[in-house]
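Chain by chain, the residues run as shown.
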Amino acid sequence: MKVVLRNPRREVEVAGNRRVKEVLRELDIIPESVLVIRGDDLVTADQVVRDDDVIELRPVMSGGRDAVGAQG
Amino acid sequence: MKCRKCGQGAVLELRRHNAAFCAPDFLEFFRNQVREAIRRHRMFTRDEPVLVAVSGGKDSLALWDVLIDDGYRTTGLYLDLGIFEYSQESKAKCEAFAAHRGVPLVVSTVAEEVGAPVPVIKDVTRRPPCSGCGLSKRYLMNRAALDRAMPVVATGHNLDDEAATLFGSVMHWQTDALSRQSPALPSSHPRLVRRVKPLYRLSERETAAYAFLRRIDYIVEECPFAKGATSIAHKEILNRMEDASPGAKHNFLFGFLDKARVAFERTESVALNECARCGQVTTGTVCAFCKLSDQVKRAVR
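In order, the protein sequences belong to chains Y and B. Per this note's numbering, the first sequence starts with residue 554, numbered consecutively. Per this note's numbering, the second sequence starts with residue 10, numbered consecutively.
Be aware that one or more of the hints could be misleading.
A short list of chain B residues far from chain Y (calculated; beta carbon distances all over 10 Å) [claimed, not checked]:
hint, residue
1, Val112
2, Asp267
3, Gln304
No farther apart than 25 Å at their CA atoms in a straight line, the calculated lysine-lysine pairs in the DSS-like style are these [stated by the list, open to error]:
hint, chain 1, residue 1, chain 2, residue 2
4, Y, Lys574, B, Lys306
5, B, Lys102, B, Lys236
6, B, Lys131, B, Lys236
7, B, Lys131, B, Lys306
8, Y, Lys574, Y, Lys555
9, B, Lys14, Y, Lys574
Listed below are several chain Y residues computed to face chain B (Cβ distance under 7 Å; list not exhaustive) [claimed, not checked]:
hint, residue
10, Asn560
11, Arg563
12, Val613
13, Met614
The hints are simulated quantities; they were obtained by calculation from the structure and are not laboratory data. Where a beta carbon is used, it is the ideal one built from N, C-alpha and C, also for glycine.
So that you can see chain B by itself, here it is in the shape it has in the complex:
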């Protein structure tokens, strides 16, 4: 197999693009896809500081790597979920990456912020671990950005993540979720920062290849709580479809974004208030994070 651009031996075939690339041309292809995402959705400008949420996995470290090389002013944010050795190892990967690239990394610890780590939150709430984890992540990412006057948080969500989320929302016709699914969510309140996903045009195989070729030391093991997660099952289904019909995931997601999403946009805006306790944004009086934190602290007291 030959590189589409230079004709040298290829290291990666991208069937959905009917192309293969050598290592240098693949890395350039990857960076160009990130640039196109940032440009097309006006995710951030060169003057804006960007908070990059990093997990120690391939996606978020690949994203951070591209943004640093393209000259953006970035700060990494690692959320320590307290998930046993998995969290210790992923934190070490983020710290090593930040030290190697000479960029700042902020660490926020869920156990300190909520009152207990994710495994305990799971037991206390009797809900799936991803539930309390996702809620805490969204809250802490937003607050970390606000505290530092940073207008935007970038996450490493890739094409597969987005396609799997879309698939799950469509399977249950969750129209609220469909209206919110976007590569860039603008700030809808002074205390909500913009949230962007510059990797949404790239599959997770492509982000893994980028991380490997750039020799980024990332955590290959998956979160122990991810096993059996519905989103993983959806990804497997989508990969079967992709195998039979290259481009299926891309067409599914991009068709939604280009043609269907507008049909789900809310006609009435939801009233947003500031939480009576912490001041962050909520649709009620006290936000879900403060309620979760109360529940956890009562249980572990």
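Pulled out of the complex, with its shape left as it was, chain Y reads as follows:
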């Protein structure tokens, strides 16, 4: 199956017919750090993805330095 990764955008092939959490473990990706997207849907970690599926692992992290400091 095809997995689309971002930042930078790239694609990798991994074995399908297993749970999302197993795919994430193989790619060493923490579930908390991505959305798992198949088509127009979000997929939970316990769902099985098939060999002909395409899933996107979209990182959810953003930001640089936080804007907490004082004025002036």
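Here the structure of chain Y is known, so what remains is to put chain B in place on it, guided by the hints.
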């Protein structure tokens, strides 16, 4: 996995809440967390106009979306940092969102206000890009609100942002920063508006899921200068801890806010003056923004 509320198929698991939700019930959960944040910290009332600082990313557009749907009077503020294609694309996302929702958007350009865009400021000051960028953002957000007689600026800082900031402050025991860290900073001077973070109860995975499920077109690419930023490293560490122990980030931040923050509150108040040049608030005579602007204008002249 089934939705905790309705028993239908779930689209998102929230391990820290030991729950999973279908799309409609997750969106309602999300909105309720924002409402709870606003209520608990008295961030703003329905009568007050709210300036929402938007970057084109998932957090700020998700925040704006919730506030519009809940009937608040909002104006978006986009700060054009001049960071190459990243800024062009993020500005286009904000403009498209504002047009689609029929809400006003104000654009302020750092290059016009400071004298040069963020990449040049970085070179001139020889400081990390986030330094001049953060300073300019805080200043311009406050001024944009004051100019429009708006009492409050809302930003899209989420639970991960706040936990990472707290982690960084604790690692260096920056007690000043700890005393200031709060979901709502009240106005401490007539020329300082209130600053609030209505998403502080929601993780960035939750804001990303909200934006995705609401079909909000946001910029997924991160700022090119964020790579290698300490806050990103801290977020990764915290996510490892969260993976091993769901709720770790929440407990860290909320434990601080509920139990520890009070210990760092300043006993003496800092004297605030008005900048001799621009009139905005400073602890000195001339504010840091005016000094930065002078430095940049001298260098690019």
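Each hint, compared with the structure:
A cut-off of 10 Å between C-beta atoms confirms that B:Val112 is not in contact with chain Y; the least separation is 22 Å. No Cβ of chain Y approaches the Cβ of B:Asp267 within 10 Å, the least distance being about 18 Å, so the stated non-interface status holds. The beta carbon of B:Gln304 is kept farther than 10 Å from every beta carbon of chain Y, the shortest such distance being approximately 15 Å. Taking the CA atoms of Y:Lys574 and B:Lys306, the gap is about 53 Å. The hint is violated against a cut of 25 Å.
With a C-alpha separation of about 22 Å, the suggested pair B:Lys102 and B:Lys236 falls inside the 25 Å cut-off, and the hint holds. For the proposed pair B:Lys131 and B:Lys236, the alpha carbon gap of about 15 Å is at most 25 Å, so the pair holds. As the CA atoms of B:Lys131 and B:Lys306 are separated by approximately 13 Å, the hinted pair is consistent with the 25 Å bound. Only pairs whose Cα atoms come within 25 Å are accepted, and Y:Lys574 paired with Y:Lys555 is accepted, the gap being roughly 15 Å.
The suggested pairing of B:Lys14 with Y:Lys574 holds, with an alpha-carbon distance near 24 Å, which does not exceed 25 Å. Annotation: interface hint on Y:Asn560 holds; nearest CB of chain B at approximately 6 Å, less than 7 Å. A distance limit of 7 Å between C-beta atoms decides the matter here; for Y:Arg563 the minimum to chain B is near 13 Å, and the interface restraint is violated. The beta carbon of Y:Val613 is positioned within 7 Å of a beta carbon in chain B (closest approach about 4 Å), and the interface hint is therefore held.
The interface hint given for Y:Met614 is met, as the beta carbon of that residue sits about 6 Å from the closest beta carbon of chain B, less than 7 Å.
Comparing the model with each numbered hint stated earlier shows that hints 4 and 11 do not hold.
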